[in-house]
Amino acid sequence: MDVRHNIRLLIDQLSLSRGDRTLIHGLSLCVEPGQALWLTGPNGIGKTTLLLACAALLSPDEGDIRWTSEDRNIPANQALAYAAHRGPERSELRLGEELSFWQTLLNDDMSLNDRLTSVGLQDRDDTPVAGLSAGQIRRLSLARLMASNRAAWLMDEPLSGLDVDGRALVTETLSQHLARGGLAIIASHQPVPIIGVTAKKLVLEPAISGAAS
Amino acid sequence: MITRFANPQRFVGLARWLTPIFGWSALLILALGLWQALFASPAEAEHGQTVRIMYVHVPAAWSAMAAYSSIALASLISFVWRHPIADLAARSLAIPGAAFTVLALITGSLWGKPDWGTYWQWDGRMTSVLILLFIYIGYMAIWQVVEDRKRASRLAAITAMIGWVNIPIIKFSVEWWNTLHQPATISMPDSPGLAPQLLLPLALMALGYTLLLGWLTMRGMLAEIASARAARKPAPAATARVEAL
Amino acid sequence: MIRVILIRELRLAARGASGTGLSLAFMALFILLCGIALGGSTPALGPGLLWLAATLSALLGLDRFYQTDQQTGALAQMHLAGTTGLSIVIAKCISFALTTLLPLILVSPFLALLIEMTGTAITGTVLSLLIGAPAMVAYASVTAALLAGQRSGGVLAVILTAPLLIPVLIFGTEAANAFATDGLGAVQFRMLAGLSFIAVALGLPTSVAALAANRGPS
Chain A
1 MDVRHNIRLL
11 IDQLSLSRGD
21 RTLIHGLSLC
31 VEPGQALWLT
41 GPNGIGKTTL
51 LLACAALLSP
61 DEGDIRWTSE
71 DRNIPANQAL
81 AYAAHRGPER
91 SELRLGEELS
101 FWQTLLNDDM
111 SLNDRLTSVG
121 LQDRDDTPVA
131 GLSAGQIRRL
141 SLARLMASNR
151 AAWLMDEPLS
161 GLDVDGRALV
171 TETLSQHLAR
181 GGLAIIASHQ
191 PVPIIGVTAK
201 KLVLEPAISG
211 AAS
Chain B
1 MITRFANPQR
11 FVGLARWLTP
21 IFGWSALLIL
31 ALGLWQALFA
41 SPAEAEHGQT
51 VRIMYVHVPA
61 AWSAMAAYSS
71 IALASLISFV
81 WRHPIADLAA
91 RSLAIPGAAF
101 TVLALITGSL
111 WGKPDWGTYW
121 QWDGRMTSVL
131 ILLFIYIGYM
141 AIWQVVEDRK
151 RASRLAAITA
161 MIGWVNIPII
171 KFSVEWWNTL
181 HQPATISMPD
191 SPGLAPQLLL
201 PLALMALGYT
211 LLLGWLTMRG
221 MLAEIASARA
231 ARKPAPAATA
241 RVEAL
Chain C
1 MIRVILIREL
11 RLAARGASGT
21 GLSLAFMALF
31 ILLCGIALGG
41 STPALGPGLL
51 WLAATLSALL
61 GLDRFYQTDQ
71 QTGALAQMHL
81 AGTTGLSIVI
91 AKCISFALTT
101 LLPLILVSPF
111 LALLIEMTGT
121 AITGTVLSLL
131 IGAPAMVAYA
141 SVTAALLAGQ
151 RSGGVLAVIL
161 TAPLLIPVLI
171 FGTEAANAFA
181 TDGLGAVQFR
191 MLAGLSFIAV
201 ALGLPTSVAA
211 LAANRGPS
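Listed in order, the protein sequences are those of chains A, B and C.
Position 166 (the first sequence) corresponds to 166 in the UniProt record's numbering; numbering is contiguous.
Position 63 (the second sequence) corresponds to 63 in the UniProt record's numbering; numbering is contiguous.
Position 214 (the third sequence) corresponds to 214 in the UniProt record's numbering; numbering is contiguous.
Read the hints as simulated data drawn from the structure, not as lab findings.
A few of these clues could be false.
[Said to hold, decoys possible] Using C-beta positions, here's what the derived DEER-type ranges look like:
id: 1; chain 1: B; residue 1: W176; chain 2: C; residue 2: L130; range: 20 to 30 Å
id: 2; chain 1: C; residue 1: L56; chain 2: B; residue 2: T179; range: 23 to 33 Å
id: 3; chain 1: C; residue 1: A193; chain 2: A; residue 2: T68; range: 44 to 54 Å
Each residue gets a CB set at the ideal place from its N, CA and C atoms; glycine is no exception.
The task is simple: from the sequences and hints, build the whole structure.
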């Protein structure tokens, strides 16, 4: 079943903590198909933690996070793809080996070469992962998102380390994904320019110490 | 029963009331048992006075095993139902359980010296108790090394359960191996065959150890709950604000 | 999916990521040390020494079982890609058996010559190691999965795995010794096969549960 055009994210009364620090408390929001949510705020405020929780890799203290399609719950590992800040690639492998492994796991129907070309890494499939630059690793990460064919993309700092072309690539890919009815949650310090779609911005700010005590 | 005490608050109420009862009755029964074991009961025909070590040793070995089985059961409840009190119980049973294991090993080898002529025999039961000690050490180490509390509790529960399933296999293997390599002349007295006058101190000591185990565990659990309260999570570090772009 | 993950594992092992060479070197060194400490030829102790050497060398390589893929986030990504935990565990176990344990078993006949074991004893030991291998892999997998989130779990890995492996060690060495008189039909071999079966049945789901508990940030 193709769920990509109507999946939505519902967050209800969510509380999250890392270690013994409560980061987020009582957060409720909804992200609709075709919508982007931009998470922003200073380092350590809980952006990555929120992404991890959305990917069901971290269980909330309270509240819940649901991915739904026509009022049916979709398990996180069928709903989304997650481009973490640090990728899963192994330095011992070559770029082509690494990407084609994930393509197979994700049932991507595009060929390796086309996929590499789509993120500007054509003719690089023999380069060892250890020899890729930070920007090229970001592109690989983007290629994995595209290969996933999932309705929701979670992206952690997708623009870091990228050159001008790279940023344009992220913007364009993301805009196409949203235009097709996909959904994206993007944790980023810098604004991600997306054209022609609705977006929400979730600002996480340090709580005022008086209120916190 | 299981869901009733999932609430730490309700558990604390019950435990505050039960803990002193366990403590004082353990003291009383252990005193009575020791008096019976060391003075009131007669020396046994085959082992003479050294049989008195048995009253300290055998219940210790029983308690060590009972404590581990309780850890495994509590771990199962904690793993399946994510029951916080079962989780606390499993964790708090580990140190007293390991202490009883050490006590069983020490008293066992002290008993072995006069009886076997050596402090250590590769006897099936003694060897199994020694292996049990290592299983305890592994279990406690998981709690030690895994920083995240929730994760530690899941992993420790898994460790306890797989250890428990393996204990009968280990015991069988060690006993089988022992019959192959040790002359079968040495054996510990089997408790069911004991004379009634030996049975009374043994029963008293076993009950006393069980109460002691209960008391130590309850105390451990109460201390854990208290320290969890003291380290209560501070107010959230962030406030969230949604804006349309 | 198992095949795809296994191919990746074997490729990584071929590039040296599984530390096969180090495990082999450790096993040879262990036998050398035993020979020296025990005064040269010790054929009677042979099966026991080889079993100990193989077990300890295999446990030394445990860090590489799940840890690297846990730390890079690859295990989480495989889960998000819809791969089941069981497929991951089976693929990793086969890879560990092929790249770590099998090489150790294959060099054991040569190391056996160092301690002057006879041909029959060597055959018996190798056969017992092969039949006990599934149990070793299964329990190694459980421990590795439990410690996947730790930076280094070397000594603890041994402490956690060794008690579970005691029955395998007992029936493994006994089977090796019984081979000279009773051949492969010895009851010890059947017991060993039974232990391997139980270990796999227990070890696979336990590893899956432990990996699931370790999922997420460490």
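Hint check results:
1. B:W176 <-> C:L130: 20 to 30 Å: The hinted range 20 to 30 Å holds for B:W176 and C:L130, with Cβ atoms some 22 Å apart.
2. C:L56 <-> B:T179: 23 to 33 Å: 27 Å, holds
3. C:A193 <-> A:T68: 44 to 54 Å: 49 Å, holds
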